[in-house]
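Modelling step: build the complete structure from the supplied sequences, incorporating the hints.
Chains A and B supply the protein sequences, listed in that same order. Note that the working numbering numbers the first sequence so that position 379 is 367, with each residue one more than the last. Note that the working numbering numbers the second sequence so that position 12 is 0, with each residue one more than the last.
Accuracy of the hints is not assured; some may be wrong.
Copies of one chain are not kept apart here, so a pair can be met inside one copy or by any two copies together.
Here are the simulated DSBU-like pairs of lysine-lysine, each with C-alpha atoms no more than 30 Å apart in a straight line [claimed, not checked]:
(1) K295 - K358
(2) K179 - K58
(3) K4 - K598
(4) K295 - K313
(5) K58 - K520
(6) K245 - K100
(7) K313 - K216
(8) K211 - K100
(9) K179 - K216
(10) K598 - K562
(11) K598 - K460
(12) K491 - K58
These are calculated hints, taken from the structure and not from any lab test.
There are 2 protein chains.
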Amino acid sequence: MGFEYLTNVPLTQARKDYLALLESHGFGPRTEIIPVFESCGRVTARAVYAHICAPHYAASAMDGVAVTAKDTFGATETTPVTLSPEQFIVLDTGDPIPEDRDAVIMVEDIVKNADGSITIHAAAAPWQHIRQIGEDVCAGEMILPSHMTVSPAAIGAMIAGGVLEIEVIRKPRVGIIPTGDEIIPPCTDPKPGDILEFNGSIFSAMVRQWGAEAVVYPIVPDKFDQIKTMVAKAAEECDMVILNAGSSAGREDFSAKVIRELGEVLYHGIAIKPGKPAILGCQGEKPILGVPGYPVSGIIVIEQLLKPLIDHWLQAPSAPSQYAKATLTRPVVSGLKYQEFVRVRMGCVGGRLMASPLSRGSGVVSSFMKADGILEVPQGLEGYEAGEEVNVRLLSPRSKLENTLVVIGSHDPLLDELADMLHLENPELYMSSSHVGSMGGIMAIRRGEAHAAGCHLLDTADGSYSRSFIRKYFPKGGVRLISCVGRQQGLMVARGNPLNIQKFSDIARDGVRYVNRQKGSGTRILTDYLCKREHVDASAIYGYDREELTHTSVAAQIVSGSADAGMGIYSAAKLYDLDFIPICIEEYDLIIPDHAWDAPMVRSLLTILKSDAFREKILSLGGYTVDNPGEVIPV
Amino acid sequence: MGFEYLTNVPLTQARKDYLALLESHGFGPRTEIIPVFESCGRVTARAVYAHICAPHYAASAMDGVAVTAKDTFGATETTPVTLSPEQFIVLDTGDPIPEDRDAVIMVEDIVKNADGSITIHAAAAPWQHIRQIGEDVCAGEMILPSHMTVSPAAIGAMIAGGVLEIEVIRKPRVGIIPTGDEIIPPCTDPKPGDILEFNGSIFSAMVRQWGAEAVVYPIVPDKFDQIKTMVAKAAEECDMVILNAGSSAGREDFSAKVIRELGEVLYHGIAIKPGKPAILGCQGEKPILGVPGYPVSGIIVIEQLLKPLIDHWLQAPSAPSQYAKATLTRPVVSGLKYQEFVRVRMGCVGGRLMASPLSRGSGVVSSFMKADGILEVPQGLEGYEAGEEVNVRLLSPRSKLENTLVVIGSHDPLLDELADMLHLENPELYMSSSHVGSMGGIMAIRRGEAHAAGCHLLDTADGSYSRSFIRKYFPKGGVRLISCVGRQQGLMVARGNPLNIQKFSDIARDGVRYVNRQKGSGTRILTDYLCKREHVDASAIYGYDREELTHTSVAAQIVSGSADAGMGIYSAAKLYDLDFIPICIEEYDLIIPDHAWDAPMVRSLLTILKSDAFREKILSLGGYTVDNPGEVIPV
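If you want it as structure tokens, here you go:
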């Protein structure tokens, strides 16, 4: 326990110094000779010159006859010339031109005579319809310069030029070493405290995408000598090494010591977040990169520090990152000390590109999966305001962002099913949903950030859902309320209901650990309302401040035994095989702004809502009633 | 001989009808189950749901101690609380929270006492610094919808969610059958009439780039039964078949007959150029595509007709093609009957994107290699004028086009060496050179289409090079003439000089077959001048109208024996080991427009010209003199 980074070097400087150090030790591309037909996508190590001409002989470019041009001189429409069988040779396209002929006449321009001669009505120009030697490639000519990526057509040109093998830059081999006593190989039944080793799979997929080879070594326990032995082995067998240092801060000191004993450490601690504990080390010309154990930190460190080394090795500048201006939907607060990489979800609503910051937890790898872009907050900047226009590095192609249905609001698992159905039905359309609760959805629609919002807000005055909220928050109209489903709300409790919870007020009983939903969510509003109605003092409920963002995560806490009860929908309880005490059926509907009404994603969504397939899917989840999904509800 | 296509179907209709026919026979994606860690880049066959929560236990998010929050209530800076050793448990980040604890206090916020107790100065909120179960992924939640491409982070999320295998869309297997009696496997010493089989290598590289697998079958001779047997075998073993039909038109009838006997032919003949003889056939749900033998035709047919089938199979819309507006440098004349695909070379000069049509010969695979874009001329349009703004589908990234030094003008092999040195020195810079002769280069500079032009125009009045032409064609200035090299011009003749050619006028002798350069080239102007000076009647020279575009292609004709003599530079003669009769030393210089002077590519070019490395390279080629390359020559 207790830890201090040695350095806080700006990223650009770290990158520059690291490459300079490695190059001073001899770091750089190595080459290999491979068959040309296997070389697509590889980078030439040196210029490639043709060995032979292509075509390597004068060839007929047409089906026809080979002649000596001067035999045909004078032939016109009115003064045809007849050639005896000795004067012409029949040939097909691609056939070699006999040595004593210098022109080809197309079959269409020939009249065949009964005696075997032919008549022509136009003179042949010398070398007409003949593919000259070297028309495609000349022997000795440079086919490809050095350090060029081989395309399929270049493969053809090289083979045509008689080049069957070429020297290319060898793919660098990246060794990945997972370490940690608590790290176990991927499985489906880990024990508490076990951490599944998936970083190796992420990192190897990344480096392969960048053109390198990846070797994942076996997991090494937190033993200095064992780690040192494995790093030495990897440095021997590979061109670059990633030492994945586990998630405990103290452990990185350990890694730095290992690297220092084997070679040297240039920097320990980079001014980036996530990823600051990175270690930039090497053994001779082999980079050894100490990477934090949290997957998101690791991804950033590898992308920011290893990828430039791979790019340099491959000598092929990778496609430049695409950036786009987008409006930030929520503020981003950043430390002055670090350059921060914030993952954002993006979508295009009403012609504006939006960027919504995702969870910033370094352990949340799914946030990286959902990210459409990275907002880079420079060192020395405190962050950005909501509504500010920012420059986002795109991870998804812009066309995808423009075809994404942005749903922000209350969570329901049916949204995932809708996303699946939407994309299956229209491969070019996508859906992204963010779970910020019903009120959050209304606010997102007001700010023009979403095409649709899931909403189930109970008006405690008249028992209606969502309508009065729409009248209040959209006094001038501009949105439609679309019927979606009715759903069963209730209390989720452990299987067999061991604490014998029977009614809502039981959650306030001593010894009952409640888990709540976040403020602004429809389920929280319902819970607060039930407290009031049932005269339950919320402050007396143990865990009332413990907030989860989705029905499923509430259920997950209960099934794991860390909570005893939570409000949620029947389908979540069913998913986790929990007992369920029904409380009420509520309307879960969608708010769609008028400006999005005609967008193809919204059109498609409405078609799906009205489909039998949707009805069947929903009913199979359990706990839903379906009336007229997709219909506009009068507000 | 003699051939008629059955149909001339517009491309879009052919594509639509073909897919509809295939789907009616059951064409579509097949799936397979693979380990998740191998699934990067693959497409999910169905939605993937988490099996377990991640984290699957409540874990400490910090190094510190686990406590029961209510034990800490009331602690403040002024009223610290002391916890006995039984009340706290030391843990590291990632450790499981013991069942009876509900908060973590960071190590930094703890004061250790001598008796083993700890003192804290702030109350712990329940669940603080605890990573909740399912924070990343909840069991039962959808991780990825159907038909999504798996990213590295998604692999991490799936493994975290206990998903170790997933069902993905199997890569379609494309069988490629080369046919033709004259087709031989790639080699370096083909005989006249042999055609190297490289289409299989091009096509397999293409389909692999699109996500399919490729199997290239052995070359089949032009025997109906053998072709039929091979196609049946490929249709059995693969999901799609390419029957590469050789280059002779008559042969495609043959292919169509084979396909018709095995299944059916939908269309034979598509309204595209190149590629019109394509055959759209199938055996049941397996597409069998008859592809013309010329590589460029084959590339277009496969890209336009097979790729959509692969995309459909993979259910992952490929990145949309990028288009850019560019100015056409030369007219494009197209037939009304066909949609034409014209390969263009591109560059960005003075802020304008330029597109120069490349050779339209279907056999010229190197033209496809050099192409930066495809200009699609719609059916029913006669083409475009020079200077017209056209919409080009980009094959090279725009960033490459913006960093390409465009050299148009006289050919010299040293330009290829300069291209190599430029890119080696600056990996982000490229050079493209087009060989249109010295006058063509001057015109390209005048039209603002090039950054530099190679030029060696002799002023027959005073024996100077290029200067008077610049004064004439750039009367208002605006360009600089840059010294490059002096080069030895002369007559190239076969090794041993069998025809005993000793002086220029010998090329007019009877029995000497001359090969000339194209009009407008500096070498042609020199030749014409020499004719005049030596009183040689050009019309008496056999082959004076036979024009080649480069020194090397002239040499190639001589070495192959199809010509006896040609004017050219010493380095070309040396490359082909030809005898050489020196005639004169000429100045080969570069014209650079003022507006391009400060472009980074031009800066870099000038640095290279002045370098010792360039001098050494040039002298090693032979036949060059180097004085002050890179210096501005007063005009």
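Problem set entry | Enumerated hints in conflict with the structure, sorted upward | 7
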